[in-house]
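S.K.: What follows is each chain in one-letter form.
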Amino acid sequence: MTSVQLEVLLQTIISGIFLGGLYALLAIGMTLIMGVMKIINLAHGELMMVGMYIAYALFSYFQVDPYLSVFIAAPVLFGLGVILQKFLINPVMKVESILPENQVILTVGIGMVLANLATIFFASDYRSTPVSYATKAWYLSDFWKSSPIELSISFPWSVSFLIALLITAILWFFLTKTDLGKSIRATAQDNDAALLMGINVNRMRVITFGLGSSLVGAAGCLFIPIYYLYPDIGGQFTLIAFVITILGGLGSTVGAIVGGLILGIFESLTATYVGMGWAPVGRFIIFIAALIFIPGGIVSLFRKLRFGR
Amino acid sequence: MKKLAPALIIAALAMLPLIGLNTYLLHILIITIMWSIIGMAWNLLGGFCGQVSFGHAAFFGVGAYTSGILYHKLGLSAWWGMPVSIVVVALFALVIGFICLRLRGPFFALGTLAVGVILRITAENLTGITEGNLGIMIRERTWVDKTWYFYIILTLAVLVFILIKKIIGSKLGYYFVAIREDQDAAESLGIDTTFYKTIALCLSAVITGLAGAFYTSYMGYIDPKVVFALHDISIVVIMVVMVGGVATYWGPIIGSAIMVLLAELIRSIPKLGAAHLTLFGLLLIVIIIFLPNGIIGDIPKLKRLLGFRKSL
Amino acid sequence: MKKNALDVLILFLFVLLPSSLLAANLPEIVIPIPLTGQQAKFGEMMKRSYQMAAEEINAKGGIRKQKLVLSFEDSGAKPETARAIVEKLIDSKKQPIIVGEYTSSCAKAVAAVAEERKTPYLIVASADDAITRQNYKYVFRQNAVNAHYADGVIDFFKQVVKPKTIAILYESSAFGTSGADAMVKDAEKLGIKVLLKEKYESGSIDFKPILSKVKAAQPDVLFMVSYVMDASLLMKQIKELRIDVKLFAGGAAGFSIPEFPDNAKDAADYVISATLWTPQLKYPGAKEYAEKYRAKYRDYPSYHGASAYSAIYVLKDTLERAKDYTPEKIRNALKATNIKTAFGPIKFEDKEGYQNQNFNDTLVTQVQKGEFETIWPQRHASKKYVYPIPKWRERR
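Protein chains in written order, with my numbering: chain A, 1 to 309; chain B, 1 to 312; chain C, 1 to 396.
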């Protein structure tokens with residue numbers, strides 16, 4: 001392998017890891033919601049879009065750094081999520097209907113309204129937050145003068161990646177160590193049993209939806225320094241989140257991280273060695289393979305290993 | 001009276017072009033009927049058999065491209081696409097069914113969703129066969145006048161309606177519903193669920209593919225982003241059925257009237273500009289909250305809401 | 001009160017009636033454009049420009065002393081909807097000429113209807129070559145075809161850069177594909193070797209894998225055809241990877257709109273791009289239009305807006321020359337168009353296998369200090385080009 005080939009390979013893997021970290025945060029909100037409520041939320045990307053617009057508005061009117069706006073976007077999205085769940089989704093979930101999937105239309109409708117409201121308030125223009133550090137990067141040759149290859153690590157990508165990991169760690173701690181978190185996990189595992197144990201399942205659903213929304217809102221704030229924004233941006237992110245949720249296993253934070261990283265690296269490698277036009281095909285083939293061969297997601301594989309079954 | 005209603009409606013529809021309907025209304029009607037066909041197809045699989053597909057664009061697109069490729073590569077009339085697509089789409093459906101039908105509930109939904117996206121990107125990349133993103137354009141459509149298109153799609157719709165009614169009334173239909181209600185129970189009664197689910201999927205796919213093949217001849221232009229669209233086709237068809245009424249005969253027809261006619265009406269409200277989508281989205285939310293089984297599915301509730309007495 | 005009403009009636013009889021007897025009433029012109037969905041940004045820009053031109057025309061007395069009334073319908077970039085709108089316009093509203101749409105797929109759907117119904121259709125910004133190669137009699141296009149977008153860039157390569165190798169990245173759409181294919185053909189003609197031709201899905205987040213492949217291939221020139229923000233993401237990530245080639249070139253669209261330097265900042269410097277129009281052109285009214293637009297909406301418009309703005313003047317000119325407002329007469333008047341607009345001289349020719357196609361000069365811009373400067377052809381240049389460009393390491 002020549003040094004040029006090595007450089008391409010290493011750079012590809014580096015970008016894959018960073019991309020994967022961001023994908024993971026994007027999916028954690030969905031994995032929580034799908035885990036607890038077993039619903040397909042097609043408005044997921046639109047909620048992220050709302051988070052991005054909050055970061056954008058704070059940046060352009062008050063010069064707030066997008067990373068700081070996580071602290072504002074997350075609570076706002078939590079509120080929005082609670083309202084959506086309480087007044088729209090819960091009433092529909094309660095009713096007995098022939099197909100439980102009718103909530104899908106509801107989330108499509110919510111997504112439509114959110115995207116359209118963004119068009120009305122912010123116009124359909126493409127927005128971005130041109131932060132001063134947007135193209136700052138560290139280079140291997142700065143640290144090692146005679147390096148035969150050149151690698152670079154982007155500053156905003158690394159910051160986004162680290163914050164994403166941090167948020168995930170906090171969430172993991174919350175879900176495993178606090179009572180509220182444990183109740184949420186219990187609801188995800190067995191709705192009826194949780195009800196019998198005296199857990200207020202309805203309340204857990206409301207909190208979960210709020211939490212899921214605030215996570216994806218935070219993901220929006222981490223995306224905007226390296227990406228851009230327009231009202232209809234949501235759809236593509238919803239799809240990516242589905243893939244990782246299934247790959248990682250419903251309701252599992254660890255699964256979402258591992259799934260995100262696998263997907264990120266896989267996509268980068270496909271882009272380099274097969275062609276970028278085919279990269280999304282790879283994404284969905286992984287998805288179907290995961291659906292069929294590891295229905296419990298990657299976490300189920302871990303569990304098997306641990307229990308030696 | 002009730003027995004005559006379908007015949008009367010069909011007769012009334014068939015008379016429409018004769019009274020000189022303008023081409024704009026005819027276009028909207030054609031699109032509405034086309035959507036009700038796709039809706040009926042989806043309803044067969046989703047509503048009666050309980051397998052919610054998020055990837056019907058895959059079948060629509062394959063049907064459309066069968067027509068397009070026959071015209072573009074072999075120089076045949078795009079109308080040959082309709083008979084040929086039956087075979088092609090059925091083959092695709094068998095393969096897709098083999099992969100996806102082992103999945104259940106939301107997992108089946110997500111699996112089909114992925115299939116739809118994979119087919120779109122494949123069509124974009126196989127430029128040698130599909131011309132990729134440049135799409136396929138039919139130089140001259142068969143008729144300028146829309147009357148014939150109208151009768152063709154209306155005939156297809158009537159045939160599909162009768163076919164579905166016959167199927168659901170037969171033993172096959174009972175198996176479908178049994179699978180929807182409880183797959184494991186159906187299995188323990190000795191119903192080969194995979195076999196019957198595959199039949200439902202193939203029928204549903206072939207009907208959708210026919211609509212796709214018709215679309216190519218009618219619109220005269222297709223590209224992967226249009227005919228394999230996730231939102232504009234796969235999800236719209238779910239809304240058509242769910243808004244109209246899941247597992248009812250008339251649901252998809254009412255649903256497509258709402259999704260196409262009403263959307264067009266709302267879009268045409270002057271001065272509303274881009275905001276028409278908010279209005280339409282809110283309408284969808286309201287319908288599903290108050291009528292979770294769709295308009296036809298919740299007729300008694302609808303009557304109550306509108307203040308009719310029970311005696312009516 | 002009564003007297004007032006009578007006055008109005010008399011006014012109506014004396015002023016409006018005679019003119020409407022001379023020429024049939026000027027119809028309201030409804031323009032289909034995407035106002036929702038991914039393409040809405042361009043729809044919005046064009047809508048503003050159409051309105052701006054209509055207001056100017058009305059302030060100066062309208063068309064044959066009648067006010068030009070425009071309204072817009074949202075097609076959402078869906079071909080069925082675009083077709084529905086146009087069927088309605090032709091059929092119910094009897095509108096004798098269609099103007100508008102943006103995406104090539106919608107323009108194709110509209111063009112087919114217009115041709116069938118023998119109603120002239122003026123395409124403003126849809127670039128796919130095929131639309132004006134169908135032997136359509138009623139379809140006119142005032143923007144250049146995609147195959148010619150890069151003519152200026154090619155000329156610049158030939159005269160100045162003289163590259164030996166090229167790498168091409170393009171987005172997966174009709175626009176990106178036909179732009180990249182045209183570049184491959186042109187490169188072969190000039191004896192430039194194509195080292196790499198890669199497609200990507202628009203909306204991609206991370207281009208670094210593909211860019212490190214470009215870096216390894218070491219082409220002389222990197223040519224990219226991208227929509228809107230992909231362009232600035234590409235340049236930002238190129239800067240980050242420090243890919244040094246002799247020149248970065250873009251094929252219009254994403255590389256020629258104000259969002260590009262706004263978002264990519266210093267990463268956009270020295271990037272050249274093909275474009276159909278810039279505010280610095282010495283066409284009559286070009287500068288005034290650009291400044292007026294900027295004063296109202298903060299940014300300069302791109303060629304899409306200028307084309308839309310000029311389309312209304314083409315419409316005015318056509319309607320004034322048409323003997324009456326029937327589609328047939330308007331079509332003949334449109335065919336004979338030969339005017340100078342802010343978008344450049346416009347006339348519709350049949351050549352090179354195209355019908356009713358306007359061929360205007362395609363230009364080359366370069367981003368210098370965060371602003372677009374016209375650099376090629378030299379007769380249109382507002383600043384001299386910067387070439388060779390500095391390496392990323394040497395930039396401050």
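Treat the hints as calculated values from the structure; they're not laboratory data. Virtual Cβ for every residue (Gly too), placed ideally from N, Cα, C. One or more of the hints may lead you astray.
Stated by the list, open to error - Beta-carbon label-pair distances, calculated as ranges: (1) A:138 <-> C:339: 52 to 58 Å; (2) A:289 <-> B:269: 42 to 48 Å; (3) B:76 <-> C:64: 47 to 53 Å; (4) A:121 <-> B:184: 20 to 26 Å; (5) B:14 <-> C:55: 14 to 20 Å; (6) B:190 <-> A:10: 55 to 61 Å; (7) C:352 <-> A:17: 45 to 51 Å; (8) C:392 <-> B:98: 47 to 53 Å; (9) B:279 <-> A:10: 35 to 41 Å; (10) B:162 <-> C:262: 57 to 63 Å; (11) B:303 <-> A:91: 42 to 48 Å; (12) A:130 <-> B:289: 55 to 61 Å; (13) B:143 <-> C:339: 33 to 39 Å.
To be verified - Just so you have them, the derived chain C footprint on chain B, three or more residues with Cβ under 8 Å: (14) 27-38; (15) 128-135; (16) 139-150; (17) 217-223; (18) 294-306.
S.K.: Among all the numbered hints in the text so far, which are the ones the structure does not match?
M.R.: 4, 5, 9, 11, 12, 18
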